[in-house]
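Student: Listed below are the residues making up each chain.
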Amino acid sequence: MLSVPLVVLLGQVVLGLINGAFYAVLSLGLAIIFGMLNVINFAHGAFYMLGAFVCWLLLTHVGLGYWPALVVVPLVVGAVGVVVERVFLSRLAGIDHLYGLLFTFGLALALEGGFIFVFGAAGNPYPVPDALRGIVRLGPLILPLYRFWVITASIIVCLAVWLLIEKTRLGALLRAATENPRLVTAFGVNVPLLVTLTYGACVGLAGFAGVLAAPIYQVSPTMGSNLIIIVFAVVVIGGLGSIGGSIVTGLALGVIEGLTKVFYPAGSTIVIFLVMVLVLMLRPAGLFGRET
Amino acid sequence: MTDAPAPAARPRRLDVRDLHAWYGESHVVHGATFHVDRGEIVTLLGRNGAGKTTTMRALAGVVRTRKGSAHLDGHDLLATPPHRVARTGLGYVPEERGIFASLSVAENLLLPPVVRPGGVSLAEIHALFPNLKGRDRTQGTRLSGGEQQMLAIARVLRTGADFILLDEPTEGLAPVIVEEIAHALGALKARGLTILLVEQNIRFALAAADRHYVVEQGRVVDEFDNTTLRTDRARIDAYLGV
Chain A
1 MLSVPLVVLL GQVVLGLING AFYAVLSLGL AIIFGMLNVI NFAHGAFYML
51 GAFVCWLLLT HVGLGYWPAL VVVPLVVGAV GVVVERVFLS RLAGIDHLYG
101 LLFTFGLALA LEGGFIFVFG AAGNPYPVPD ALRGIVRLGP LILPLYRFWV
151 ITASIIVCLA VWLLIEKTRL GALLRAATEN PRLVTAFGVN VPLLVTLTYG
201 ACVGLAGFAG VLAAPIYQVS PTMGSNLIII VFAVVVIGGL GSIGGSIVTG
251 LALGVIEGLT KVFYPAGSTI VIFLVMVLVL MLRPAGLFGR ET
Chain B
1 MTDAPAPAAR PRRLDVRDLH AWYGESHVVH GATFHVDRGE IVTLLGRNGA
51 GKTTTMRALA GVVRTRKGSA HLDGHDLLAT PPHRVARTGL GYVPEERGIF
101 ASLSVAENLL LPPVVRPGGV SLAEIHALFP NLKGRDRTQG TRLSGGEQQM
151 LAIARVLRTG ADFILLDEPT EGLAPVIVEE IAHALGALKA RGLTILLVEQ
201 NIRFALAAAD RHYVVEQGRV VDEFDNTTLR TDRARIDAYL GV
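Keeping their order, the protein sequence lines are chains A and B.
The UniProt record's numbering puts the first residue of the first sequence at 1, with every later residue one more than the last.
The UniProt record's numbering puts the first residue of the second sequence at 1, with every later residue one more than the last.
These are computed hints drawn from the structure, not numbers from a lab.
Predicted, not measured: the structure shown is a model, and the values here were computed from it.
Warning: the hint list may mix true and false statements.
Partial selection, computed: residues in chain A whose CB lies under 10 angstroms from chain B [unchecked claim]:
#1 G171
#2 A172
#3 A176
#4 R182
#5 T185
#6 A186
#7 V189
#8 N190
#9 V191
#10 P192
#11 L193
These stretches of chain B come out as covered by chain A in the derived footprint (C-beta under 8 angstroms, 3 or more residues) [stated by the list, open to error]:
#12 59-67
#13 86-100
#14 112-119
For each residue, glycine too, the CB sits at the ideal point set by N, CA and C.
So here's chain A without its partners, still in its complex pose:
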């Protein structure tokens, strides 16, 4: 412990928080979708990749920069999600979970394959926007401004979504429709419409994460599938369907992963799955899940 300088330690914590921010935004959407639609949305990583690609395409073909993309891309990806839900997923509602999982898995493969076919497997660089170049100093730490922005923006978005769900009337409707959609329908709420819009919004959130990721990682067709497996582990650890849980777990696991890189670098790729095994053994419903 003493052999590791504090600055290195803090640096890895912050790097961990960046990964954790992506885990949090993606697992949040997954948790909400699972609660409302009973669908394990394997396509979530593909929508994240789609977000990064739309962002890159807007810049290279339309000349639309980072800031407008931050608004436009989630809307575009969300609209794709609305169509996917209306045309496909809504027809799978009420039958075995497995069909939703298979469909979204297939969709993810098709999207990834399609993008590889058109754009190739190599990554495309996306420039850091001018306003976010440079560094910030946090005490002894020196951090690229863009990475600081990713952490801040992700946490703000996660908090906003959490507040929306826990504290507003729309959130109450979503929670109630998750528990008992038939009764909420009998009260006069168009639950299928609510479900469609929820799916669109959560997928749009994945697209938003894709925009945030574009300047950090290469924009490549496989960027989603690399991330999604870890994000699923995060959701399982946090507790399926727990919204606050998925945010906290996402950030915490990013940090744990970062710290593992300091003390035992070889273990950093498996540490999240070790945590998952431990949690499943001790608390099968997840850290924040309700035991049933």
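The hints should help you fit chain B onto chain A, whose structure is shown.
Tutor: Using the frame of chain A, we list chain B on its own:
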């Protein structure tokens, strides 16, 4: 309980004819025919499994496999999409009460959208069910069974619904709570609400309602008014097997 005015004076609100309903594969309601007039409280009596709850669910649109006809104020309930049924003024209080565990008492109370003006105000609801006062932040399912029942009733009253489907409101409740609910139903009737009630508790049905139908094997097999119910207990006991 005062005697009801002459039947001709009351416009018909709910008209159910030859209603059939299926629960998955099983055919539960086999041609039920009954009606409820404005301002009445009418019960469906019958043993467990007679099809009373399924009848209610079929009317509320929760059970979707149905045949026959059911009209509320002339609206064809069977042709109405499930999320529009509430707009006909129908308020549904399910047998299992349906209080949401992830919502607070206040959120439960405010959840159903207002469907028409003239709903019962929060102040009136708290006067009607004092137990709910000051409990806004409590998790809905932490209330006692009786309080959950009150919340389930209050929740639909607030929306302006004026035809209430009330499925076994007294099931499993202490006598003092049953009395409170009977008192509340009296107050609602005085406001001009119309109520269709499923009950197994004959004492409660007698105290609260104007007319009673007996449901057996998914059909309405007999009808009683309060006088007959009082004087001819043997006949009703034979149906219910008490």
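Student: Let's test the interface hint: is any C-beta of chain B closer than 10 angstroms to that of A172 of chain A?
Tutor: 4 angstroms, holds
Student: Regarding the hint that L193 of chain A lies at the interface with chain B, is the smallest CB-CB distance below 10 angstroms?
Tutor: 8 angstroms, holds
Student: Go through the hint on R182 of chain A and say holds or violated, using the shortest Cβ distance to chain B against 10 angstroms.
Tutor: Constraint on R182 of chain A satisfied, holds at 5 angstroms.
Student: Is the shortest C-beta separation between N190 of chain A and chain B less than 10 angstroms?
Tutor: Interface hint status for N190 of chain A: holds (5 angstroms vs cutoff 10 angstroms).
Student: Have a go at the V189 of chain A hint: is there a Cβ in chain B nearer than 10 angstroms to its own Cβ?
Tutor: 6 angstroms, holds
Student: Count residues of the stretch 86-100 of chain B with a Cβ under 8 angstroms from any Cβ of chain A, then say if the count reaches three.
Tutor: This one holds; 6 residues, not fewer than the three required, reach chain A with a Cβ under 8 angstroms.
Student: Three or more residues of the stretch 59-67 of chain B near chain A by CB distance under 8 angstroms?
Tutor: Three-residue rule met by the stretch 59-67 of chain B, so holds; n is 3.
Student: Under the criterion of a CB-CB separation shorter than 10 angstroms, is A186 of chain A in contact with chain B as hinted?
Tutor: 5 angstroms, holds
Student: How about A176 of chain A: closest beta carbon in chain B under 10 angstroms, or not?
Tutor: Since chain B brings a Cβ to about 5 angstroms from A176 of chain A, closer than 10 angstroms, the hint holds.
Student: Given as covered by chain A, does the stretch 112-119 of chain B meet the bar of three residues or more with CB within less than 8 angstroms?
Tutor: Result for this restraint: holds, n = 3.
Student: Regarding the hint that T185 of chain A lies at the interface with chain B, is the smallest CB-CB distance below 10 angstroms?
Tutor: Result: holds, 5 angstroms to nearest chain B Cβ.
Student: Closer than 10 angstroms between Cβ atoms is the bar; does V191 of chain A clear it against chain B? Give me holds or violated.
Tutor: 7 angstroms, holds
Hint compliance for this structure: no hint is broken.
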